[in-house]
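J.: Start from the sequences and build out the full structure, keeping to the hints where you can.
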Amino acid sequence: MHLTPLGAHDVPLEFVECFFMGSHLLPDPDGRDDRPMQRVGTLVMRIAERATAWQHRPTFAPWGTWADGAIVFDGRWCEPLSVELARRLSGRLVEARRAVAGRPGHGGDGT
Numbered sequence: 006m007h008l009t010p011l012g013a014h015d016v017p018l019e020f021v022e023c024f025f026m027g028s029h030l031l032p033d034p035d036g037r038d039d040r041p042m043q044r045v046g047t048l049v050m051r052i053a054e055r056a057t058a059w060q061h062r063p064t065f066a067p068w069g070t071w072a073d074g075a076i077v078f079d080g081r082w083c084e085p086l087s088v089e090l091a092r093r094l095s096g097r098l099v100e101a102r103r104a105v106a107g108r109p110g111h112g113g114d115g116t
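Note that this note's numbering has the sequence shown beginning at 6, numbered continuously upward.
Rather than coming from a laboratory, the hints here were simulated on the basis of the structure.
This structure is a prediction, so every number in the text was calculated from the model and none was measured.
All C-beta atoms in this analysis are idealised placements derived from N, C-alpha and C, irrespective of residue type, glycine included.
Among the hints, erroneous ones may be present.
Stated by the list, open to error - Label pairs and their in silico Cβ distance ranges:
| hint | residue 1 | residue 2 | range |
| --- | --- | --- | --- |
| 1 | SER28 | GLU54 | 20 to 30 Å |
| 2 | ARG97 | ASP73 | 20 to 30 Å |
| 3 | SER95 | ARG62 | 18 to 28 Å |
T.: Right, dumping it as structure tokens:
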């Protein structure tokens, strides 16, 4: 994950549970209460609860957040977000897990 200008984190595959679309509301940049808030699309990567060491990391907040086992990518700072992107990432996650499970010594068909 690259949510800070200072570095990236390689989350172990076994701790990534899924990807899904989300959104959050942004207040008016001028701090005015009389303007509607802007809804921004996000992509969420869920981390397994058992992965206690991976539940949070510091981030550059405009790019996204990483707290309580949810890595939330702000849609304004990444490739265009869509349900299809979340499905594609989830599909790649399943394929990667199958590939790891099929390796000798990992409990898959190759053991």
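J.: Just pull the numbers of the violated hints for me, sorted ascending.
T.: As far as the earlier hints go, not one is violated by this structure.
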